[in-house]
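Colleague: Sequence:
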Amino acid sequence: HVILAGLAANSEIAKRIAEADLALPENAESLAIAYTGDSGQPTVSLCGADAVGLMYAALDTAERIRWASHDEPLLVHLRSTFEVPCLADRSVSTYTMQRRWFERRLHDPTYWERYFDLLATSRINSFVIIFGYECGGFMAPMYPYFFDVDGYPGVRLTSITAEQQTRNTAALQRVIELAHQRGIRITLGIWDHIYRGGVQGGGIEGASELVGEKVPHLVHGVTTDNLSGYTKAALKKLLAVFPEIDGIQFRMHWESGLTREETPRFWHDVFEALHELNPDIRFDLRAKGLPDEVIEDAIAQELPFRVTTKYWMEQMGLPFHPTHINPQNQRDRRHGYADLLRYPKRYDVHWRIWNGGTTRFLLWGDPQYVRRFVQSAQIYGGDSFEVNEMLATKMLGQRHDSEPFQLHTAAYRHYDYEFQRYWHFYQVWGRISYNPDAEPEIWQREFDRRFGHQAGTAVMRGLHRASSILPRVVAASYNYRYFPTTRGWAEMMRLGDLPHYAAGTGTDVEQFQSYQDAARQLLADETSALRSPQQTADWFETVAHQVLEDVRTATAASGKLTGLSKKEFVTTTTDLEILAHLARYHAARMRAAIWYNVYLQAEKDKFAIERCLAAESNAISAWRKVIAAARDVYPETLHFGVHRVGFSDHWKEELVQLEAGYERLRRLPRKSKLDVTTQQRLLKQIDSPTGVKTPIHLERAVSAKPNQDLLITASVEQASHSLLQSVRLRYRHLTQFEDYQSANMLY
Numbered sequence: 001h002v003i004l005a006g007l008a009a010n011s012e013i014a015k016r017i018a019e020a021d022l023a024l025p026e027n028a029e030s031l032a033i034a035y036t037g038d039s040g041q042p043t044v045s046l047c048g049a050d051a052v053g054l055m056y057a058a059l060d061t062a063e064r065i066r067w068a069s070h071d072e073p074l075l076v077h078l079r080s081t082f083e084v085p086c087l088a089d090r091s092v093s094t095y096t097m098q099r100r101w102f103e104r105r106l107h108d109p110t111y112w113e114r115y116f117d118l119l120a121t122s123r124i125n126s127f128v129i130i131f132g133y134e135c136g137g138f139m140a141p142m143y144p145y146f147f148d149v150d151g152y153p154g155v156r157l158t159s160i161t162a163e164q165q166t167r168n169t170a171a172l173q174r175v176i177e178l179a180h181q182r183g184i185r186i187t188l189g190i191w192d193h194i195y196r197g198g199v200q201g202g203g204i205e206g207a208s209e210l211v212g213e214k215v216p217h218l219v220h221g222v223t224t225d226n227l228s229g230y231t232k233a234a235l236k237k238l239l240a241v242f243p244e245i246d247g248i249q250f251r252m253h254w255e256s257g258l259t260r261e262e263t264p265r266f267w268h269d270v271f272e273a274l275h276e277l278n279p280d281i282r283f284d285l286r287a288k289g290l291p292d293e294v295i296e297d298a299i300a301q302e303l304p305f306r307v308t309t310k311y312w313m314e315q316m317g318l319p320f321h322p323t324h325i326n327p328q329n330q331r332d333r334r335h336g337y338a339d340l341l342r343y344p345k346r347y348d349v350h351w352r353i354w355n356g357g358t359t360r361f362l363l364w365g366d367p368q369y370v371r372r373f374v375q376s377a378q379i380y381g382g383d384s385f386e387v388n389e390m391l392a393t394k395m396l397g398q399r400h401d402s403e404p405f406q407l408h409t410a411a412y413r414h415y416d417y418e419f420q421r422y423w424h425f426y427q428v429w430g431r432i433s434y435n436p437d438a439e440p441e442i443w444q445r446e447f448d449r450r451f452g453h454q455a456g457t458a459v460m461r462g463l464h465r466a467s468s469i470l471p472r473v474v475a476a477s478y479n480y481r482y483f484p485t486t487r488g489w490a491e492m493m494r495l496g497d498l499p500h501y502a503a504g505t506g507t508d509v510e511q512f513q514s515y516q517d518a519a520r521q522l523l524a525d526e527t528s529a530l531r532s533p534q535q536t537a538d539w540f541e542t543v544a545h546q547v548l549e550d551v552r553t554a555t556a557a558s559g560k561l562t563g564l565s566k567k568e569f570v571t572t573t574t575d576l577e578i579l580a581h582l583a584r585y586h587a588a589r590m591r592a593a594i595w596y597n598v599y600l601q602a603e604k605d606k607f608a609i610e611r612c613l614a615a616e617s618n619a620i621s622a623w624r625k626v627i628a629a630a631r632d633v634y635p636e637t638l639h640f641g642v643h644r645v646g647f648s649d650h651w652k653e654e655l656v657q658l659e660a661g662y663e664r665l666r667r668l669p670r671k672s673k674l675d676v677t678t679q680q681r682l683l684k685q686i687d688s689p690t691g692v693k694t695p696i697h698l699e700r701a702v703s704a705k706p707n708q709d710l711l712i713t714a715s716v717e718q719a720s721h722s723l724l725q726s727v728r729l730r731y732r733h734l735t736q737f738e739d740y741q742s743a744n745m746l747y
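Quick note on my numbering: the sequence shown kicks off at 1 and runs consecutively.
Any given hint could turn out to be false.
[As the list claims (entries may be wrong)] With a straight-line cut-off of 30 Å between C-alpha atoms, the simulated DSSO-like cross-links for lysine-lysine are:
#1 567 - 604
#2 671 - 652
#3 652 - 566
#4 673 - 606
#5 288 - 232
#6 288 - 237
#7 606 - 671
#8 236 - 214
#9 237 - 214
#10 684 - 606
#11 673 - 604
#12 232 - 214
#13 345 - 705
#14 625 - 566
#15 567 - 652
#16 604 - 684
#17 625 - 652
#18 684 - 673
#19 288 - 705
#20 560 - 652
#21 625 - 567
#22 684 - 625
#23 604 - 671
#24 652 - 705
[What the hints assert, rightly or not] Derived DEER-like restraints, expressed as beta-carbon distance ranges:
#25 345 - 1: 48 to 54 Å
#26 225 - 199: 19 to 25 Å
#27 683 - 67: 53 to 59 Å
#28 339 - 225: 30 to 36 Å
#29 1 - 695: 47 to 53 Å
Derived from the structure by calculation, the hints contain no laboratory data. The beta carbon of each residue, even a glycine, is placed where N, CA and C say it ideally should be.
Generate coordinates for the entire structure from the input sequences, incorporating the hints supplied.
Modeller: Here you go:
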């Protein structure tokens, strides 16, 4: 066997790639692999446009060699290929929310070696370390954790020594070096510039009352008077101490400690300083609270920047830009692209998925989701995205000296580091954002290796299905108050007592009908083009059934698994069962929410509240099955949010509140208002809807040009014409500040 490897500039490699009728890779990180297996000397030629592209080619080849069984030719699974990155910047972000948990990782080079190995193999090429988010003043700002700044002796991180600062600096420099060795760029997120309490406290008890105090973990000495001067001097030293960083991400608005009044001048001074320093890096300006005058200032000062904005609030919704965000925040830059997609284009937009509020610890991996997302990330010429790492919010809101908990109980740990169980999460985000046509065999083979072919196939299928559940919860049944990372947690929260749940609208109000509107239309015997709660409940029930069937199939085929493979299998299927029962919980609860609104709108009708109670009882039963599925696999203390603002540490806490809420529902007054005919119609429409599916085929428009007409075409099967009342187009400009307009489509 012969393996040749080199860059496209190598004439011998270029010749072999041309002989295989492959294009020579030219774009950054692109690759070509030429395989000739029909001669006496099987040969593979690996070619990269640059070192990273060559690394990807080598890693892919090594993986395919591993696929070969003992009785197969070594290179049997290799194939000639040419690949070019779809999205240029494929990024994962982490937080420094709790000091002890962060430092345990920071000072462990083996952790970073293995983590970055996984990211590189997954073709993730960017890593963001976000300092100062919800840290209670610990990294507000982050500079004193690493160094002191000449001229500002009063600015210190309390109790830190010079030796500790030196050790911290060396550790971060090592992290940067290890990342670069694997083709991964490092961005430092500087999210707090001065500590003034409030939201910066991160829910840590007493944090907001400690502003200005010299207490452990808190930065002191930055004041209104020295804020600008210190920040400029600190940035200069940061770039000198860490000259190899690839970018800085700035939190721009009042949650960084800045007041609205001082924001424009502060950033003018900072941009001016950075212009003088002229570092060869990129700057990310977060869109939330970002005034136009600051954007114009950045452009005027020729700052190499892009605007970073949330994709779907601070949660993980569906894999497309929300068709319409909640009206309460429609006219700000908090939840999506807002009014930022302006022509002519003068800056890039970087899409940030705040999945850390949704997928905190249960397994997630959905190739189809990522493919759909990648399409939408290319809007406005986009070529970059950022997703929170799994476990990003572990220890959120906990005291900085608290001992981090273990994710699994001892009997079920099958890894050295917890990130290792999320290999498929990183695999699909990296490989598919690099190449949306990545072969499913890539992950099928890995599931087979871990669990055997039959069990592995069922586990993979179940995980892909189960991964669609939480995004649908967020989109269809999340009350608006849960949109922040620090308030919502779809994996654990019951999402309030039923009256509160039933008052929600979901987070995409153009696609999903609210419970109030559903009840109103059902009572009036009307229809809607929106997705009704009944339809979504049916969807949850169907997916839950499929996932549990996949678990049963996998379990039946897993008899030969032992050791670590068996432990991984058990923890994986545990997550699938939890997600399936969460889906059944929401299916039942959505029906309960409709009945509750019927009860309210029908003058406290007795029949409606009885049906509501029955549905709520089913929801509680499903929640008990979540607890049963988790059994002793997970500890009873899972710190992923602030307990005192509503985050439970285990599903058992939520069950107590569910049962108490049910008892309050039972005591509601009731009257006989609905006639028998209406009762039976509602019973059928809510609890047992048949639903008429009208086959509609949309010819997707994949591009559009400003100031030119865009043709939208939909077709309906002839047999379904009689079922249609109308076919209407909903449209608006590419700004979320606008409401939709409607037009009847021409026939």
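Colleague: The structure should be examined with respect to each hint, and the outcome stated for every one.
Modeller: Evaluation of the provided hints:
1. 567 - 604: The hint is violated at about 51 Å.
2. 671 - 652: Measuring from Cα to Cα gives roughly 34 Å; hence the hint is violated.
3. 652 - 566: Holds - the C-alpha atoms of residue 566 and residue 652 are around 26 Å apart, at most 30 Å.
4. 673 - 606: 7 Å, holds
5. 288 - 232: Holds, at roughly 22 Å.
6. 288 - 237: 27 Å, holds
7. 606 - 671: 5 Å, holds
8. 236 - 214: 26 Å, holds
9. 237 - 214: 24 Å, holds
10. 684 - 606: 17 Å, holds
11. 673 - 604: 8 Å, holds
12. 232 - 214: 23 Å, holds
13. 345 - 705: Holds. Residue 345 to residue 705 sits at ~13 Å (cutoff 30 Å).
14. 625 - 566: 22 Å, holds
15. 567 - 652: Roughly 24 Å separates the two Cα atoms, so the pair holds.
16. 604 - 684: Given that 30 Å is the threshold and the Cα spacing comes to 20 Å, the pair holds.
17. 625 - 652: 11 Å, holds
18. 684 - 673: Given that 30 Å is the threshold and the Cα spacing comes to 18 Å, the pair holds.
19. 288 - 705: 28 Å, holds
20. 560 - 652: 33 Å, violated
21. 625 - 567: 21 Å, holds
22. 684 - 625: Given that 30 Å is the threshold and the Cα spacing comes to 27 Å, the pair holds.
23. 604 - 671: Roughly 6 Å between the alpha carbons, so the hint for residue 604 and residue 671 holds.
24. 652 - 705: 54 Å, violated
25. 345 - 1: 48 to 54 Å: Holds: the Cβ-Cβ distance is about 49 Å, inside 48 to 54 Å.
26. 225 - 199: 19 to 25 Å: 23 Å, holds
27. 683 - 67: 53 to 59 Å: 54 Å, holds
28. 339 - 225: 30 to 36 Å: 35 Å, holds
29. 1 - 695: 47 to 53 Å: 52 Å, holds
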